[in-house]
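Sequences are here, hints too, so could you generate the full structure?
If you want the building blocks of each chain, they are given just below.
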Amino acid sequence: MKKMSKTTRSNLITYLMVIVIFAVVQIMVSTGHVSSLLQGLLVPLCAYVILAVSLNLTVGILGELSLGHAGFMCVGAFTSAFFSKCAVEAVPAAGVRYFLALLIGAAAAGICGILIGIPVLRLKGDYLAIVTLAFGEIIKNIVNILFIGRDDKGFHFSTKDSMSLGLEEGGKVIVNGPQGITGTPKDSTFVVGVILILVTLFIVLNLMHSRSGRAIMAIRDNRIAAESVGINITKYKLMAFSISASLAGVAGVIYAHNLATLTAQPKNFGYNMSIMILVFVVLGGIGNMRGSIIAAIILTLLPELLRGLSDYRMLIYAVVLIVMMLFNWSPKAIEWREKYSSRFRRKNGKSAKEAA
Amino acid sequence: MALLEVNNLGISFGGLRAVNEFHLKIEKGRLYGLIGPNGAGKTTVFNLLTGVYKPNEGVILLDGENIVGKKTIDINKAGIARTFQNIRLFKDLSVLDNVKAGLHNHYKYSTLEGIFRLPKYFKVEKAMDERAMELLAVFDLDKEADTLAANLPYGKQRKLEITRALATEPKLLLLDEPAAGMNPNETKELMETIRFVRDEFHMTILLIEHDMKLVSGICEELTVLNFGEVLAEGNTSDVLNNPEVIKAYLGE
Numbered sequence: 001m002k003k004m005s006k007t008t009r010s011n012l013i014t015y016l017m018v019i020v021i022f023a024v025v026q027i028m029v030s031t032g033h034v035s036s037l038l039q040g041l042l043v044p045l046c047a048y049v050i051l052a053v054s055l056n057l058t059v060g061i062l063g064e065l066s067l068g069h070a071g072f073m074c075v076g077a078f079t080s081a082f083f084s085k086c087a088v089e090a091v092p093a094a095g096v097r098y099f100l101a102l103l104i105g106a107a108a109a110g111i112c113g114i115l116i117g118i119p120v121l122r123l124k125g126d127y128l129a130i131v132t133l134a135f136g137e138i139i140k141n142i143v144n145i146l147f148i149g150r151d152d153k154g155f156h157f158s159t160k161d162s163m164s165l166g167l168e169e170g171g172k173v174i175v176n177g178p179q180g181i182t183g184t185p186k187d188s189t190f191v192v193g194v195i196l197i198l199v200t201l202f203i204v205l206n207l208m209h210s211r212s213g214r215a216i217m218a219i220r221d222n223r224i225a226a227e228s229v230g231i232n233i234t235k236y237k238l239m240a241f242s243i244s245a246s247l248a249g250v251a252g253v254i255y256a257h258n259l260a261t262l263t264a265q266p267k268n269f270g271y272n273m274s275i276m277i278l279v280f281v282v283l284g285g286i287g288n289m290r291g292s293i294i295a296a297i298i299l300t301l302l303p304e305l306l307r308g309l310s311d312y313r314m315l316i317y318a319v320v321l322i323v324m325m326l327f328n329w330s331p332k333a334i335e336w337r338e339k340y341s342s343r344f345r346r347k348n349g350k351s352a353k354e355a356a
Numbered sequence: 001m002a003l004l005e006v007n008n009l010g011i012s013f014g015g016l017r018a019v020n021e022f023h024l025k026i027e028k029g030r031l032y033g034l035i036g037p038n039g040a041g042k043t044t045v046f047n048l049l050t051g052v053y054k055p056n057e058g059v060i061l062l063d064g065e066n067i068v069g070k071k072t073i074d075i076n077k078a079g080i081a082r083t084f085q086n087i088r089l090f091k092d093l094s095v096l097d098n099v100k101a102g103l104h105n106h107y108k109y110s111t112l113e114g115i116f117r118l119p120k121y122f123k124v125e126k127a128m129d130e131r132a133m134e135l136l137a138v139f140d141l142d143k144e145a146d147t148l149a150a151n152l153p154y155g156k157q158r159k160l161e162i163t164r165a166l167a168t169e170p171k172l173l174l175l176d177e178p179a180a181g182m183n184p185n186e187t188k189e190l191m192e193t194i195r196f197v198r199d200e201f202h203m204t205i206l207l208i209e210h211d212m213k214l215v216s217g218i219c220e221e222l223t224v225l226n227f228g229e230v231l232a233e234g235n236t237s238d239v240l241n242n243p244e245v246i247k248a249y250l251g252e
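These protein sequences, in sequence, are chains R and H.
Going left to right, the first sequence walks through residues 1 to 356 as the numbering used here numbers them.
Going left to right, the second sequence walks through residues 1 to 252 as the numbering used here numbers them.
It should be emphasised that the hints constitute simulated quantities derived from the structure, not laboratory data.
Be aware that a few hints might be false.
Computed list of chain H residues with no C-beta within reach of chain R, every gap over 10 Å [said to hold, decoys possible]:
1. N8
2. F13
3. L16
4. G58
5. L93
6. A101
7. K108
8. K123
9. D140
10. T168
11. A180
12. G217
13. T236
Per the computed footprint, the stretches of chain R lying under chain H, defined by three or more beta-carbons under 8 Å from a beta-carbon of chain H, are [said to hold, decoys possible]:
14. 134 to 144
15. 199 to 207
16. 225 to 238
Where is the CB? At the ideal position from N, CA and C, for every residue including glycine.
Printed below as a string of structure tokens:
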């Protein structure tokens with residue numbers, strides 16, 4: 001029972017941290033302390049935080065390395081943007097439309113996760129990393145050659161150019177190859193993003209501390225032993241991987257509904273992005289959701305906050321990376337942290353006793 | 001009917017005949033030992049019994065049901081649990097969670113019930129906690145329930161592995177060199193634990209061991225393997241006095 005309350009408390013701290021950060025940012029925005037440039041960064045930031053948490057489910061809890069997380073985000077972004085653009089007239093209520101877009105984006109990314117996971121999760125080691133890396137690039141390139149138009153007769157597909165769609169008069173090009181999707185309704189707001197962060201945390205943290213989460217972590221720690229106690233390896237690996245993928249899809253939905261023009265470039269959906277998310281996870285601490293959130297926030301905002309320092313900007317960024325790395329992973333730092341936290345805990349225990 | 005009956009079991013790895021015409025019969029409630037020199041194929045037999053390897057030929061009857069060709073997880077569900085020569089715990093999980101992972105197939109609720117914390121989650125988790133603590137108390141590990149498995153001392157890690165195996169409610173428990181790396185005192189304690197498990201849980205136990213003191217101390221029957229074949233079998237004292245067995249162990 002004591003253990004339960006400990007994990008519950010830790011989860012509550014994580015939720016509370018997100019809410020406090022949200023409140024602080026809202027107050028700063030309303031008092032005019034946040035530049036418009038930073039304000040524009042708030043919605044993508046929510047997407048990055050969700051990406052970091054969802055990748056941490058694959059890397060930290062399942063223990064598999066995925067380098068294609070941006071690919072799942074891309075799937076979620078484009079399917080949902082496609083839906084929203086088509087449904088602008090059919091579903092005029094923005095809230096309902098956005099909710100449906102979220103479901104569609106998450107489902108599409110989740111299905112991709114299952115399709116990739118089925119063959120690859122049976123393998124051990126680095127295969128998953130390589131295949132997911134390839135997947136991310138393939139998705140990005142497919143989106144870049146995809147042309148979809150719509151007229152009175154229905155949908156038209158092409159992989160050549162928008163002319164070969166053969167649209168009738170009055171038909172509209174929805175997905176325009178490298179030019180992407182233009183005119184997606186801008187439904188994402190900072191509030192919605194934060195709510196979705198909380199939902200993501202709710203799903204991931206509750207999964208971690210349930211029967212299925214225990215099975216997933218057991219597989220991570222020792223596959224052979226997990227099998228020997230009757231845990232279905234493929235099922236639970238696939239479950240963790242597809243949940244992680246569909247949450248990345250949710251991040252893609254947020255991201256897509258914040259842009260006037262959604263295009264698939266190496267910068268936003270390429271492996272640079274995937275590596276960036278992995279950096280959030282590694283720096284925040286593998287398996288540590290709260291750390292992922294903090295790392296995603298710091299590393300997204302830092303380059304913007306340091307803009308005034310121009311030349312020294314990237315230098316400071318790199319130093320922060322190294323310091324965070326040392327703080328998280330060097331044995332001496334871990335030792336120091338444990339000592340510090342145990343002393344802190346003892347003090348707390350004492351004061352609790354005195355109070356009683 | 002014997003609980004476990006193995007006949008004509010064999011497996012080759014490439015050109016190497018690792019196990020040949022192996023047979024074994026264990027009655028319910030027995031403490032049975034499988035011994036033999038290094039490389040004789042003892043662990044291979046365990047891996048065949050638990051479905052890690054598929055035998056080239058032979059039958060394995062557990063309670064009259066042939067389990068050859070089944071997957072490891074199905075064999076566990078059918079009633080065989082094991083420990084490993086080199087300890088395989090879920091080392092980043094707490095001691096309690098290790099045992100709860102063992103309870104996986106006996107206390108169920110769906111993933112959605114877990115994520116949305118429906119009433120069934122609390123009910124089943126509570127029952128799991130109680131059962132796991134009960135098992136841990138038997139092995140005197142209940143005080144360490146919150147410790148990470150990796151931080152337990154060696155002897156307790158061995159005990160935890162046995163606890164986790166018992167949590168899957170097996171009919172037959174396989175112990176692969178449970179006393180490896182233990183000092184005489186720990187071995188003595190382990191012998192008592194094994195005997196206790198047999199009596200308390202009415203368990204049938206098959207163990208691989210090199211420590212002759214342990215083998216002669218607790219095993220009622222033995223099978224001796226040498227070069228993948230059965231060299232001798234029967235009563236412990238008879239087998240240990242068999243000149244061929246002595247020759248295989250000590251040389252001429």
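Going through the hints against the structure:
| no. | hint | in the structure |
| --- | --- | --- |
| 1 | N8 | holds (25 Å) |
| 2 | F13 | holds (18 Å) |
| 3 | L16 | holds (22 Å) |
| 4 | G58 | holds (21 Å) |
| 5 | L93 | violated (6 Å) |
| 6 | A101 | violated (4 Å) |
| 7 | K108 | violated (7 Å) |
| 8 | K123 | holds (12 Å) |
| 9 | D140 | holds (19 Å) |
| 10 | T168 | violated (5 Å) |
| 11 | A180 | holds (16 Å) |
| 12 | G217 | holds (27 Å) |
| 13 | T236 | holds (27 Å) |
| 14 | 134 to 144 | violated (count 0) |
| 15 | 199 to 207 | holds (count 4) |
| 16 | 225 to 238 | holds (count 9) |
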